[in-house]
Amino acid sequence: MLSTGALRAHLLGAGLAGPVATAREKSLRNYRLFAARDPRVTLGLDPERRWDERELLRLMADRCGVSGDPGLRTGYDVIDPERTLRALDAFAARLAAAARRRAPVLFGTGHPHRLLGFYATLADAMSSAGCPVLTPAQGRCVDMTTRFGVRTHRLAYARGVALVRERGGAGGGGEAGAHTHSPLPVRMVLGVAAEAGGPLPELVVGDHGWVCGAGQLGIEAMGLADTDDPALFVGEAEGQVAVAVPVDDAVPADYYRPLSRYVLNRACLSQ
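The sequence shown runs 1 to 271 under the numbering used here.
There may be inaccurate statements among the hints.
[What the hints assert, rightly or not] Ranges of calculated distance between the beta carbons of each label pair, as one might list FRET restraints:
(1) G68 with S128: 40 to 48 Å
(2) G68 with R40: 22 to 30 Å
(3) T74 with H113: 24 to 32 Å
(4) S127 with R54: 42 to 50 Å
(5) T152 with R101: 34 to 42 Å
(6) S127 with T152: 26 to 34 Å
(7) A9 with S270: 27 to 35 Å
(8) S67 with A36: 20 to 28 Å
(9) C141 with T74: 37 to 45 Å
Simulated from the structure, these hints should not be mistaken for lab results. Cβ atoms here follow ideal geometry from the backbone N, Cα and C, with glycine treated the same way.
All chains, full assembly: derive it from the sequences and hints.
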């Protein structure tokens, strides 16, 4: 059993919370772009109201623990580990509720190099608890805008977790999958599942566009988010996202293992 104190120490020691490697300039830039409703940072969310930069900064200070001082424009962000722990507890409670009713669940990540193992551990536990872990649209293609222009990606599943790989391997992606913020993959997955007559997920677990894209369509969705991803926290504030866990999403993959152990222990799903 991983105690709260031990996990807090791990969060700080691994750079998952406390001072993190997310540049303050990048976070403020993304808040500015979100306020302008730039689709690169709204991640498929259509906010119910207008959010200006100062409101977003106040929200992120409340949900993540970043500095609320608009004059602080350089350096690195800080995530309050207590906020991370509270969010992980809420995350575990939602996972446990889905397990009790044997709900169909979809897992998807735009950070396969870092977060695949975290989600795969949860997917395995949910499957063992009797939940269908859905894998629709395997092999389907989706065109997404990248920094190299529009590229065709193919949807794949690894250990029960959806991801995309760039077709042909050009521009990076590789076997592990491509980094993406796009909501297009989850929209395609849900569309294919609906056309086939279901089942549809009652819970989507992931990050970036997987969470916001599903939440915008009214599906319970939750996941991890860094301080430069305001969309998940706006979605949580407005009710489209069930839980957004503030955490650095770009540390080595092994550092997330204690988080999955903690969540499964809290959800009474440890194997």
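Now for the hints, and whether the structure bears them out:
| no. | hint | result |
| --- | --- | --- |
| 1 | G68 with S128: 40 to 48 Å | holds, 42 Å |
| 2 | G68 with R40: 22 to 30 Å | holds, 24 Å |
| 3 | T74 with H113: 24 to 32 Å | holds, 28 Å |
| 4 | S127 with R54: 42 to 50 Å | holds, 44 Å |
| 5 | T152 with R101: 34 to 42 Å | holds, 37 Å |
| 6 | S127 with T152: 26 to 34 Å | holds, 30 Å |
| 7 | A9 with S270: 27 to 35 Å | violated, 20 Å |
| 8 | S67 with A36: 20 to 28 Å | holds, 22 Å |
| 9 | C141 with T74: 37 to 45 Å | holds, 41 Å |
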